[in-house]
Structures are given as C-alpha cells and as structure tokens.
Amino acid sequence: MQVFKIIFISALLVVLSSCKKEIEETIVYSNVIYELDDVKIYSSNAEKTKQKSPELLLSIMYSDIFNQGISTNKLLEISELSASNGDKTMFTEMIFSQFLSEPTANVPTDVQMRADLELFIDENYIRFFQRKPTVYEKIYLKSLISGDNDITVENVFTSFALSNEYYFY
Amino acid sequence: MKRREFIKKATLTAAGAFVTPYILPSGRLFAPSGARKANHVVFVLFGGGIRNQESVQQRYLLDQGRASSGNIMNNMLTGAAPTSNIVYNPWAPVLSNSLQSQGVLFKEMRYTTGPTGHYNGHTVAMTGNYTATGLNLNVNPDHPTIFEYYRKHNSPRETALKAWWLSEGLGPYPSLNYSRHADYGAEFGANYLCPSHFVTGTGFNNLNNALSYQPDDVTRIETMKDFFDVNFDKSIGDLPGVINTRADKELIKTMLLSTLQNISSLNLPLPSGVSTNELSSDLLNIATSWKVLETFKPELTVINTFNLDVCHSNFSGYIQNLHKADYGVGWLWDKIQNDPVLANDTVMICMPEHGRNSTPNSLVDANGLNAYDHTSDQNSREIFSLIVGPPGVVKQNVSYGTAASPVGESVDIVPTIASILGFDSSIPSGLLPGRVLTEAFI
Numbered sequence: 569m570q571v572f573k574i575i576f577i578s579a580l581l582v583v584l585s586s587c588k589k590e591i592e593e594t595i596v597y598s599n600v601i602y603e604l605d606d607v608k609i610y611s612s613n614a615e616k617t618k619q620k621s622p623e624l625l626l627s628i629m630y631s632d633i634f635n636q637g638i639s640t641n642k643l644l645e646i647s648e649l650s651a652s653n654g655d656k657t658m659f660t661e662m663i664f665s666q667f668l669s670e671p672t673a674n675v676p677t678d679v680q681m682r683a684d685l686e687l688f689i690d691e692n693y694i695r696f697f698q699r700k701p702t703v704y705e706k707i708y709l710k711s712l713i714s715g716d717n718d719i720t721v722e723n724v725f726t727s728f729a730l731s732n733e734y735y736f737y
Numbered sequence: 384m385k386r387r388e389f390i391k392k393a394t395l396t397a398a399g400a401f402v403t404p405y406i407l408p409s410g411r412l413f414a415p416s417g418a419r420k421a422n423h424v425v426f427v428l429f430g431g432g433i434r435n436q437e438s439v440q441q442r443y444l445l446d447q448g449r450a451s452s453g454n455i456m457n458n459m460l461t462g463a464a465p466t467s468n469i470v471y472n473p474w475a476p477v478l479s480n481s482l483q484s485q486g487v488l489f490k491e492m493r494y495t496t497g498p499t500g501h502y503n504g505h506t507v508a509m510t511g512n513y514t515a516t517g518l519n520l521n522v523n524p525d526h527p528t529i530f531e532y533y534r535k536h537n538s539p540r541e542t543a544l545k546a547w548w549l550s551e552g553l554g555p556y557p558s559l560n561y562s563r564h565a566d567y568g569a570e571f572g573a574n575y576l577c578p579s580h581f582v583t584g585t586g587f588n589n590l591n592n593a594l595s596y597q598p599d600d601v602t603r604i605e606t607m608k609d610f611f612d613v614n615f616d617k618s619i620g621d622l623p624g625v626i627n628t629r630a631d632k633e634l635i636k637t638m639l640l641s642t643l644q645n646i647s648s649l650n651l652p653l654p655s656g657v658s659t660n661e662l663s664s665d666l667l668n669i670a671t672s673w674k675v676l677e678t679f680k681p682e683l684t685v686i687n688t689f690n691l692d693v694c695h696s697n698f699s700g701y702i703q704n705l706h707k708a709d710y711g712v713g714w715l716w717d718k719i720q721n722d723p724v725l726a727n728d729t730v731m732i733c734m735p736e737h738g739r740n741s742t743p744n745s746l747v748d749a750n751g752l753n754a755y756d757h758t759s760d761q762n763s764r765e766i767f768s769l770i771v772g773p774p775g776v777v778k779q780n781v782s783y784g785t786a787a788s789p790v791g792e793s794v795d796i797v798p799t800i801a802s803i804l805g806f807d808s809s810i811p812s813g814l815l816p817g818r819v820l821t822e823a824f825i
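Protein chains in written order, with the numbering used here: chain A, 569 to 737; chain B, 384 to 825.
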C-alpha cells in the first residue's frame, strides 16, 4: 500500500511538472522518491533522511487522511494556495484542519480512540510515520491522552502532521 | 531607613521612572534606536512597466498620433483628465487632493543598469541593488531585501507580522520576501501573500472549514509535537519560507480564514455603483493589502500592481489598468488616513519597476493603438517616484527632476525606507549602493 501510494503521488507530481512552472524545481527534487526500496514500514525513524517537498507532503497528507490518492486537480489547487502563502507550515496547518473537517475523512471518533488507546497509537504511528511506536513512545502517549479527557483525535492527528518526523522519508 | 539607603532607593526609583518603557500610540513598546520619520511605510511597486509619457508627462494618446493629452492618474497626479479620444472608463477620483499635492514627485528617476524585466525590476526596487539577471528565475535574490534589513537592523526587532509582501501574481514573485544572502535569509523575511490566487473561489472551496487553533488546543498539540520531535533527530528548519511565531501564526490564520470565509466583508477599491466585475487582480491585491494593514498595522508593507503589462499587445487595456491602479492607490491612501494608528504616521512610496520603450512593437489593439514592450532602451529606464506622508515629515506639493537632469534611481528606495524607519545607519556599509532621497523630507 505504501509503495502504491508513493508511485501514485510521484506520477501525479510528474504530470504537475509539465503544467506548473513555478513548482518545477521541487518536482525534480521529489523524483528522488522513485528510488525508494519497496519497504512497507520503517524499522526506526533513523532511516528517514530526506525531507519531503511541499507538494509531496500535501499529497501524502491527503492520502493519510482520506485513504486515497489526491486528484491532479486537487493537488494543483492546493499547491497554488500553498505557493500563495509565505509561511508553509502555517498553510499546512490550515489545509490539514480542512482535511480533518471533510465528511469523507478517515478520522475515528474520540470514543473510538479512547476505547483502545494502544491500538489507536499503533495504527496512527503506522499511518503517519510508517513505523511502529517504540515501547516508550506508546507508554508516554497513552499516558498523555488518558490523562487529559480534552485531547481530541484532531489534536493527536495534528501533532503527528506538524511533527518534524512527518516531513521526512 | 538609613539616610544612605533612602537616597540609594530614591535614586533607583527616579532612574527607573525615566527608563521604564511605555506604550507609544503606534503600539510600539519602545521608541526605536534610530530617529524615525514615521512608524509605517507602504511601498507600492506600481508595476507592469509604465512609460513616463502616459503617467507623469500626461501625454495620453499624443504618442499615438492623436491630439489628446491629459492626466489619467487623477488620484496620484495633479492635472486635468483627457477630454477626447477616451479609450478607458473614467472613474471619479477617490481623493479630493492628489497625492502629488500631498508629497514629493520625482518626475524623472532612472533605472540605470540591467535588463528592464519585471522580476529583476522588482528585485532592484526591493533589494536596492541592480542585477544583471534578466530571467524570471524562481529563486530568492542574492542581495538582502528591504524586509531583511528591517527585521535584522531595526531596534527593537519585530516579528514577521510587521513586515508584509503582497504580490499581484505568483511566478517568481513569492521569492522576494527574503534573499539567499548568508547574513540574512528567511529568518528575517516578510510574510507573503498572493491574494489573486488565495482570496478566490478555489481558496474558499479548499479552506471553508479550516480552523485556527484555540489556545488550549495549541498547548495540547504543541505538547505532543514536542514529544514527537524529541524522539527525532532532524528538524524542518530547511523548509522554504518564513516561519512565524506560534502566536503570530494563529493571528494570521484567523485573518486569512475570516477573509476567505466572509469574502463579502472585504472592502473593495471600487467607486460606488461600479460592478465587482471591474475588480482587477491589482485592485484585489490592494484590497487585501488594506486588510493586512488594518489588522496588523505592519511597519513595512510592500505591494505591487501589474495588470497594465497588457501593453505588450493592448495599449487601451494599459490605459484602463493604469487608471484603475491609480484609483486603488488613492483608495489605499484614503483608508490609511482614516485609520487611527496609521493616519499621519505613514509614508507611502510609489514607483514603477521600470518603464517601456519609446517606439512601439508591431501590434495594434482594437482601437488602433500601438503596443509597447520594454527591452532596455533608454525610455524603458525612465521612471518616476511619488513619496507622500505627513506634512511635518514629507515636503508637500514639490517635484524634482527633469529629463535633462534626472533625480534619483531605483536603488534609492531601499535606503530611503531604511531612513524613514530609522535603521539606515545600522546597515553594514557596502551593501547598498543607493542613497536616501533626502530631498523628499522636511
């Protein structure tokens, strides 16, 4: 599934490179992703050494939330909106909050999250970081969420999406 | 209390009273270290390539072989409008007194060296250095921008919330909010926005439910993010673009999203009764710039207009867009003068990035008028500049320069802005070849 996602996104980016002059440089950088091995999940985050381009980040973010690849038009639109803003991390926050609000977003409810916190943490480390959490990470995050009833799924997902690790592959 | 102790405490208290900071009317905590002329500067890159003939010389269609002259920039310049051969839709001026009468007009300035291309024209104006690059390269400029000089050398240092660059279009223009200079860069860059690609139906469709975070949510998100980051040994510091503080991010998001989600509340620079179909991307840029100015009271704002570049093939469209952009600038100044913080504390500078050729190309528009390119001939190096501001700061109704004796160059705007905001003496020597246009000031 991860390999399919990367191939699909890379193909989209190649299409985009022919019609969007202003993102040309980034597209070339993104092509590096073709050379990734067929690794389904990372064994540790130390294996992530390359930073995602803004377009690749948006594409992966979309597929992480909707469980499907982003359409060419959608990626063009979002890339243009991103280019229109000087603070890319701020735009990422805005578009991510929009993704989470969409009816088709694959977002569990808070009740579902709290019903099995360990499963929720496992699943979403794989969803966002393509790796399993360490024992320490699982214990810490479980303690944090269970200790604060006001932490929402949206809070957790946003933290994943804004973390440094999410920007690397 | 012993006498010596009493005297010591009294002395410290008295000294404290003198050094205790206080909030100035502009919202600043401290007065800046350098002597400021004003606390806000708006630089309008009145761009797209404007010939002095149709602007300050008010020749209208004389160079087209038609006996009709007059002023089509009735907000910025003093002079009667054309009365015959009207190829544009005239709008009544928004200002009762022209900007020329409220400041200093440099009628003949020069863009001395380098290709007269739009991007490098913008680069020269915003970095204060001529460049030989003629291509629209989508890379940050080599020389520091005015934003970086401001954010690095102004005292006290301000966040990017106080420095904005709003461009009419995308292309290479987003790259002008900071340079690649080793001593400056994104850390000192400005916020950037392109309203014609953001304040749109596409923007609304893709962000209509986006949210700013509430303070409690910010704390929770930051706590978890910090945990994730502690367990990862790389950072996203190399991401392109300026990065705002957390507090500023939320303020900017709130402004952007409220603008998008309540688009009808955006003030538009259109005369009463004129359809919104007449709203050009220049005017949208000016409208959004006002939203930024009104909301954040930035100390340094640079915006551009660009639509009149249709002059490559459509001279009538050039005239129309020049007239509209003039209206937008007048409208913006009127808004500034009705704002309790910005009024009488703002200097506005208008300057085209370059001119256009003296001889037309081979294209003729629907009205039979010849089109003009800008290919670095002498005419395309001839520009003007208008500096307006409070009467106690900027000279009123004065002009300098003739064709035989031009005054000022494109590269002079950056040092002039630095002087207005009081940090010019802090900029290391050798970085800026231009000079402060001291003629403009009292």
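Please note that the accuracy of each hint is not assured.
What the hints assert, rightly or not - DSS-like cross-link-like pairs, simulated, lysine-lysine; straight-line CA separation at most 25 Å:
| hint | chain 1 | residue 1 | chain 2 | residue 2 |
| --- | --- | --- | --- | --- |
| 1 | A | Lys656 | B | Lys617 |
| 2 | A | Lys642 | B | Lys535 |
| 3 | A | Lys700 | A | Lys710 |
| 4 | A | Lys700 | B | Lys535 |
| 5 | B | Lys778 | A | Lys706 |
| 6 | A | Lys710 | B | Lys535 |
| 7 | A | Lys618 | B | Lys535 |
| 8 | A | Lys656 | A | Lys618 |
| 9 | B | Lys535 | A | Lys656 |
| 10 | A | Lys656 | B | Lys778 |
To be verified - Over 12 Å on every C-beta distance to chain A, these chain B residues come out as not near it, computed from the model:
| hint | residue |
| --- | --- |
| 11 | Asn645 |
| 12 | Leu662 |
| 13 | Asp760 |
Treat the hints as calculated values from the structure; they're not laboratory data.
Heads up, the beta-carbon is just placed ideally off N, CA and C, and yes, glycines get one too.
Right, here's what the structure says about each hint:
no. : hint                   : verdict
1   : A:Lys656 with B:Lys617 : 18 Å, holds
2   : A:Lys642 with B:Lys535 : 38 Å, violated
3   : A:Lys700 with A:Lys710 : 14 Å, holds
4   : A:Lys700 with B:Lys535 : 43 Å, violated
5   : B:Lys778 with A:Lys706 : 68 Å, violated
6   : A:Lys710 with B:Lys535 : 43 Å, violated
7   : A:Lys618 with B:Lys535 : 31 Å, violated
8   : A:Lys656 with A:Lys618 : 18 Å, holds
9   : B:Lys535 with A:Lys656 : 21 Å, holds
10  : A:Lys656 with B:Lys778 : 41 Å, violated
11  : Asn645                 : 16 Å, holds
12  : Leu662                 : 17 Å, holds
13  : Asp760                 : 28 Å, holds
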